[in-house]
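Chains R and V are the protein sequences, given in the same order.
Heads up, the first sequence is in our numbering, so the first residue is 1 and it goes up one at a time.
Heads up, the second sequence is in our numbering, so the first residue is 1 and it goes up one at a time.
To be clear, the hints were calculated from the coordinates, so they are not data collected in a lab.
Even for Gly, the Cβ is constructed at its ideal location relative to N, Cα and C.
Incorrect hints may appear among the rest.
Chain R residues, not near chain V, derived (Cβ > 10 angstroms throughout) [stated by the list, open to error]:
1) Arg29
2) Asn42
3) Arg135
4) Ile169
5) Asn301
6) Thr367
7) Asp370
8) Glu386
9) Ile416
10) Ala432
With a Cα cut of at most 16 angstroms, we get these calculated EDC-like pairs of lysine to aspartate or glutamate [said to hold, decoys possible]:
11) V/Lys438 x R/Asp262
12) V/Lys232 x V/Asp70
13) V/Lys116 x V/Glu98
14) V/Lys438 x R/Asp261
15) V/Lys335 x V/Glu358
16) R/Lys318 x R/Asp228
Chain residues, written in single-letter form:
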Amino acid sequence: MLQTATCIAIALTQTISALGAMPTGTVERAHERVAPALCVVNYGLERTNPATGQVDRSSGSTLGLIVSPDGLVMVRGHMQIENLQPFNVRVVVGQGDEEQDYPAKVLRKPDNVNVLFLKIEPPTPRTFPHVTFARGVSLGLGEPVMAFGLLGDTFDNARGVQGRFIGSILDSPRRYYGLDTPVPNGFIGGPCLDANGRVVGVVGYDLTREQGGDLYARAGYPLVYQSDLFTRYIDNPPSETELTESAEDAWLGVFTQPLTDDLARYWNLPAEGGIVISTMVDGSPAESSGLQRGDIVTRFNGVAVRARQDRDVLDFTKLVRETGVGNEAEVHFLRDGEPMTLTVTLVPRPTAAADALEFEDDIFGLTVRDLTTDVRIMLNIGPDVEGVIVRRVKSGSWADLAQMRPGAIVLEFGGIPVTNIEDFEAAVERMAAERPAEVAVFCRVGQRTGFFRLQPRWPAE
Amino acid sequence: MNRLCLILPVFAVLAAGCATMPASQDRAVLRARDQVAPAMVHIRPVREVFRRGEREEVVVVGSGFIISPDGYVITNEHVAGERSTLVRCVLSDKEEIEAEVIGSDPFTDIALLKLKGKPGQTFPTVRLGDSSRLEAGQTVMALGSPHGLARSVSLGIVSVTDRYLGGSDQERAPYNNWIQTDAAINPGNSGGPLVNLRGEVIGVNARKLTGADNVGFAIPINIAREVVEDIKDNGRVERSWLGMTVQATTSITDNPDRLGVVIGSVDPYSPAAQSGIRPGDLILAVNGHPVHARFEEELPPVRKRLADLPVGETATLSLDRGGSMMDLEVVTLEKSEMRGEERALDAWGCTVTEVTPEIMARARLTERAGAFVSGTREGGMASNAGLGAGDIVLSVDGEPVRNLAHFLELHEEAVDSGRELVLMDVKRGALTRFVLLKQGGSAGAVAPGFDG
Numbered sequence: 001m002l003q004t005a006t007c008i009a010i011a012l013t014q015t016i017s018a019l020g021a022m023p024t025g026t027v028e029r030a031h032e033r034v035a036p037a038l039c040v041v042n043y044g045l046e047r048t049n050p051a052t053g054q055v056d057r058s059s060g061s062t063l064g065l066i067v068s069p070d071g072l073v074m075v076r077g078h079m080q081i082e083n084l085q086p087f088n089v090r091v092v093v094g095q096g097d098e099e100q101d102y103p104a105k106v107l108r109k110p111d112n113v114n115v116l117f118l119k120i121e122p123p124t125p126r127t128f129p130h131v132t133f134a135r136g137v138s139l140g141l142g143e144p145v146m147a148f149g150l151l152g153d154t155f156d157n158a159r160g161v162q163g164r165f166i167g168s169i170l171d172s173p174r175r176y177y178g179l180d181t182p183v184p185n186g187f188i189g190g191p192c193l194d195a196n197g198r199v200v201g202v203v204g205y206d207l208t209r210e211q212g213g214d215l216y217a218r219a220g221y222p223l224v225y226q227s228d229l230f231t232r233y234i235d236n237p238p239s240e241t242e243l244t245e246s247a248e249d250a251w252l253g254v255f256t257q258p259l260t261d262d263l264a265r266y267w268n269l270p271a272e273g274g275i276v277i278s279t280m281v282d283g284s285p286a287e288s289s290g291l292q293r294g295d296i297v298t299r300f301n302g303v304a305v306r307a308r309q310d311r312d313v314l315d316f317t318k319l320v321r322e323t324g325v326g327n328e329a330e331v332h333f334l335r336d337g338e339p340m341t342l343t344v345t346l347v348p349r350p351t352a353a354a355d356a357l358e359f360e361d362d363i364f365g366l367t368v369r370d371l372t373t374d375v376r377i378m379l380n381i382g383p384d385v386e387g388v389i390v391r392r393v394k395s396g397s398w399a400d401l402a403q404m405r406p407g408a409i410v411l412e413f414g415g416i417p418v419t420n421i422e423d424f425e426a427a428v429e430r431m432a433a434e435r436p437a438e439v440a441v442f443c444r445v446g447q448r449t450g451f452f453r454l455q456p457r458w459p460a461e
Numbered sequence: 001m002n003r004l005c006l007i008l009p010v011f012a013v014l015a016a017g018c019a020t021m022p023a024s025q026d027r028a029v030l031r032a033r034d035q036v037a038p039a040m041v042h043i044r045p046v047r048e049v050f051r052r053g054e055r056e057e058v059v060v061v062g063s064g065f066i067i068s069p070d071g072y073v074i075t076n077e078h079v080a081g082e083r084s085t086l087v088r089c090v091l092s093d094k095e096e097i098e099a100e101v102i103g104s105d106p107f108t109d110i111a112l113l114k115l116k117g118k119p120g121q122t123f124p125t126v127r128l129g130d131s132s133r134l135e136a137g138q139t140v141m142a143l144g145s146p147h148g149l150a151r152s153v154s155l156g157i158v159s160v161t162d163r164y165l166g167g168s169d170q171e172r173a174p175y176n177n178w179i180q181t182d183a184a185i186n187p188g189n190s191g192g193p194l195v196n197l198r199g200e201v202i203g204v205n206a207r208k209l210t211g212a213d214n215v216g217f218a219i220p221i222n223i224a225r226e227v228v229e230d231i232k233d234n235g236r237v238e239r240s241w242l243g244m245t246v247q248a249t250t251s252i253t254d255n256p257d258r259l260g261v262v263i264g265s266v267d268p269y270s271p272a273a274q275s276g277i278r279p280g281d282l283i284l285a286v287n288g289h290p291v292h293a294r295f296e297e298e299l300p301p302v303r304k305r306l307a308d309l310p311v312g313e314t315a316t317l318s319l320d321r322g323g324s325m326m327d328l329e330v331v332t333l334e335k336s337e338m339r340g341e342e343r344a345l346d347a348w349g350c351t352v353t354e355v356t357p358e359i360m361a362r363a364r365l366t367e368r369a370g371a372f373v374s375g376t377r378e379g380g381m382a383s384n385a386g387l388g389a390g391d392i393v394l395s396v397d398g399e400p401v402r403n404l405a406h407f408l409e410l411h412e413e414a415v416d417s418g419r420e421l422v423l424m425d426v427k428r429g430a431l432t433r434f435v436l437l438k439q440g441g442s443a444g445a446v447a448p449g450f451d452g
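Build the full structure now, drawing on both the sequences and the hints.
Right under this line is the structure:
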C-alpha cells in the first residue's frame, strides 16, 4: 500500500522526463553501445491443439538481444510454451546495408525464468555485438532508467530508447523493480540501463508460475527482470535438448502449506513459525528420510523457515532447490509439538512433463511422453502404473480411427508391455516389422483400463 | 394471443398429416391414442436438489402412465425418485391426486409410484407390449407433457430398436439398449409412454439428443417391467457388483470366432480383483451360461447377467486367458447406490455425500471412509476455509471420518461445542492438506461487555 502511494506521488511530482534526468551524453553513449546488440527474430510458430493433435502454423517477429560474442540471443519466453513450438527461426543482425540474416537454433527453455535462448548459426564464425550485464546492481525508487527496443515493422525496426522511472519495488517472491508506465511491445525483452550506463536487466511483463505468477496473469505492468535471474544461463547456456539447469535443482518431494497464525494457535505452537508438510510424494527423499505429513519444518539446511501466507511457500521451494543435489540437509521440525531433527539427502528434481522427451510414431499417429512425476500427481496415478501418456493423436490416423484420445496411458501395445517411451518405440518398430492386421492397445483412461484396436493398412512391400 | 400462436402451428401439422396419411393408419393412430390417453398422468413432483452448497426444493414436470387399476404408475427416476418430497399427479380427467414413490432405480431410470386414490377407486390402465418384437420403421407415438404441455401426442417411427449409448450414459444406464425414435420427445415427455399402433406401451421415453432434430430415446418396456416387478416385491432392485468393466471382442480383434466378452478393467479391492480376474481375460460363461458380445450393442445383456447374479453368493466365471481355459470363483457384493445420500450442513455452508466406490477409486483411497464435499456456499465458513466441491474430508479434529453419518455427527458436535477452530484433513486427487474452519463470528454472537 505504502509503495503504491509513493509511486503515485513520484509520477505526479516529476516534471522532467527520465531521459532528461540522465547525465549529459549518457543516453547517446548507451545507444551506441547497446543498439547494435538488438536484433530482429523472425520465426514460424507451430500451435498444437492438444485435444486433436491438429497443428496450426503462423509466423511472427520479436525483439532479440544478443548477449554473447558467439551469438547467444535472449528473447521473451512466450515464443515457446506448452503446445507452442517455434521453427525456422532466423535472426536479423544489424541495420540498413549491414543487415545480415542468420539461421538460429532454439535452446532448451529455462524453467524458472520466462525467457528463451537462441543460438545464431552463422555460415562462417564471426563475433557479434552484444551486451554485457552488470550483476548485483540494485535500483532505488524513483531512479531513472533507459529501455532500448525496436520501433516496429513500419519503421523498419529502427532502434529506439525510452526513459522510465522505477515506480515500485516488489520484495516477494523475490526482488523485482516495476517501471512507472508501460513500454511499447517492441521494447519487451530489451535491455534496461541505469544512469551509470550499466545494463541492469531486461524489460518483461510476466512472471512464470514458479515465480508466483501465472503466464500472462500480470500482463500490463512492466517489470525489470534483473540480470541475476538469467546471467547463469548466459555463462552456461542450456543445450538444445538436454536439461542442464533443472537437473541441478534439488528436490525434497513434499507439498507444503503455510503455518498460518490460526493453525499455529490451533496446534498450540510457538510464534516462531514454520511450514507444514501437507503432502508427501511417493518415493521422495522426504519420505525415505522419515519426514511425515503434518510435520512442521522450522529450519532447513541452517536457514530458518517461516511461511505465514500462501506466497511464502515459494521461498521454501526455492531454498530447497538451491540447496544442491546430493547435499545432506539438516531438517529441524516439530512433530506433535516436539522439536526433532533429521538429515535428508536431496536428489535432482524429477523431469517435468513439459520437458519430458516425446516420441511421435508416424505409423499409428500417436505422440507419447514418459509418465513424469508431475503428471502422476496431477492425474493421481500411483507408482504401480507404468506406461506412456498419449500427448497427441494425429487427425485421421489409425489411432484416431480407433477413437484413442490424448490423456490415455498406454500400458501395452500389441501385447508388449510399455513402461517408457523406449519400450513404446520398440513396440511400434516391432509392429512395423511384423505388420499385423490389428494391434490391440491396452490403456488406462481415468481410473479405468480398456482396449483399443488399431487396424493399420500396411503399404505394399 | 399466446394461445393462438401455440394452436395455429398445430392445425398446420394436422392438416398436412391428414393429407398424406392413409385413412386406415389415421384410424389406427386414433384407436391407439384412445387406449392409452385415459391412463396418462401429468406429474409435478417437488424434488430436493443440492447445489452451490445448499439444499433446495424445486418443482419438476414429467409424465407417467398407470399400469394397474389400483394405481401403480411408471415414470422416470429422474422425474420422481427417492429425492422427491411431494409427488402431485394430474390424471387425464384433470383430477389432481397425490402419489407415493414406491421405489426407483437410477441404473435404468425407472420409478414406480402409487396413486393415493380414494378407497375402492380404480384407474384406467395401459396395456404393456413386448419390446423385443419391435422393428425399425414401425409407427409409434409418444404421449406426455413436453415442456409442461399436458396431453400431448407426437407421432413417428422406431428409428433403431437397440441403440447403444456409450460415454457417461453407459455408466448411468449400463443394463439396457435404447429404442431410438423420431417421434418428438422434449423435456417433460420424460416418463411418458412410447406406444405402438396396437395401443401397447413398448417403451418409456427418457432421453433426447440435444442439438439434433427428433432423435429421442425410450427405455424398452421389457426392461421397465422387470424393474417394476423387483420394486413391487422388494422396494428396490438388488444387483451384484463384481468391480470390473467389459468390452466387446471387437475391442481386441475382428475375428468373429473369438467368443466371450473382454475384461477391460478390474477395480482394486473388488471381488473381481480378489478372485484373480485380469484385464484382457475373456469371459466365456457365467455359471455355465455362455456369454458373448462381439459388438457393443451386445454388452448390456451381459452386464445384466452379471448384475443379476445373487448377491453374496459364489459364481463361477469361465475364462480364456491367452488361450488357456480356466474357471474362477468370485463372491459377489451388492452394487451400491450410484451417488449415495446427500446432506446439507447449513452451519458450515456445504453439502456432502457418502464416498462411493467410484469416488474411492478416483481418489485412490485404500478403504471406503471419509465424506465427499459436493458443493460449498459462497461466503460460507467451509468456502472461506478453502474447502471446495470435490474435496474428501478424511478427519475432523484428528478423528478419522468413517462415513457420511459419522461426519454429520462430528459436524454437529463441533457446531454444538461452539469452539472457534475446527481442523479437517482433506484430500483432493493426489494432494492432501489441512483445512482450518473458523466457526463463530456470525450473527447472534454478543460482544462481551455489551449490556444493551
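Next on the checklist: Please check whether the beta-carbon of R/Asn42 is more than 10 angstroms away from every beta-carbon in chain V.
Outcome noted: holds (42 angstroms)
Next on the checklist: Against the 16 angstroms threshold, does the CA-CA distance of V/Lys335 and V/Glu358 hold or violate the hint?
Outcome noted: Holds, at roughly 11 angstroms.
Checklist entry - Does R/Asp228 lie within 16 angstroms of R/Lys318 when you go C-alpha to C-alpha? => result holds (15 angstroms)
Checklist entry - Going by Cβ atoms, does R/Thr367 stay more than 10 angstroms from chain V at every point? => result Holds, since 23 angstroms exceeds 10 angstroms.
Item to check | Minimum Cβ-Cβ distance from R/Arg29 to chain V exceeds 10 angstroms | outcome: Non-interface label on R/Arg29 holds, nearest chain V Cβ at 54 angstroms vs cutoff 10 angstroms.
Next on the checklist: With the threshold set at 16 angstroms, check whether the alpha-carbon distance from V/Lys438 to R/Asp262 stays at or below it.
Outcome noted: With a Cα-Cα distance of about 9 angstroms, the restraint between V/Lys438 and R/Asp262 holds, given a limit of 16 angstroms.
Item to check | Holds or violated: V/Lys232 to V/Asp70, with C-alpha atoms at most 16 angstroms apart | outcome: Holds, at about 13 angstroms.
Next on the checklist: If I take the minimum Cβ distance from R/Ala432 to any residue of chain V, is it greater than 10 angstroms?
Outcome noted: holds (20 angstroms)
Item to check | Separation of R/Asn301 from chain V, once the least beta-carbon distance is taken, above 10 angstroms | outcome: holds (24 angstroms)
Checklist entry - Is the Cα-Cα distance between V/Lys438 and R/Asp261 16 angstroms or less? => result holds (12 angstroms)
Checklist entry - Regarding the assertion that R/Glu386 does not contact chain V, is the least Cβ-Cβ distance greater than 10 angstroms? => result holds (14 angstroms)
Next on the checklist: Confirm or reject: R/Ile169 is not an interface residue toward chain V, with every Cβ-Cβ distance exceeding 10 angstroms.
Outcome noted: Nearest chain V Cβ is 30 angstroms from R/Ile169, so the label holds.
In summary, the structure agrees with every hint in the numbered list given earlier.
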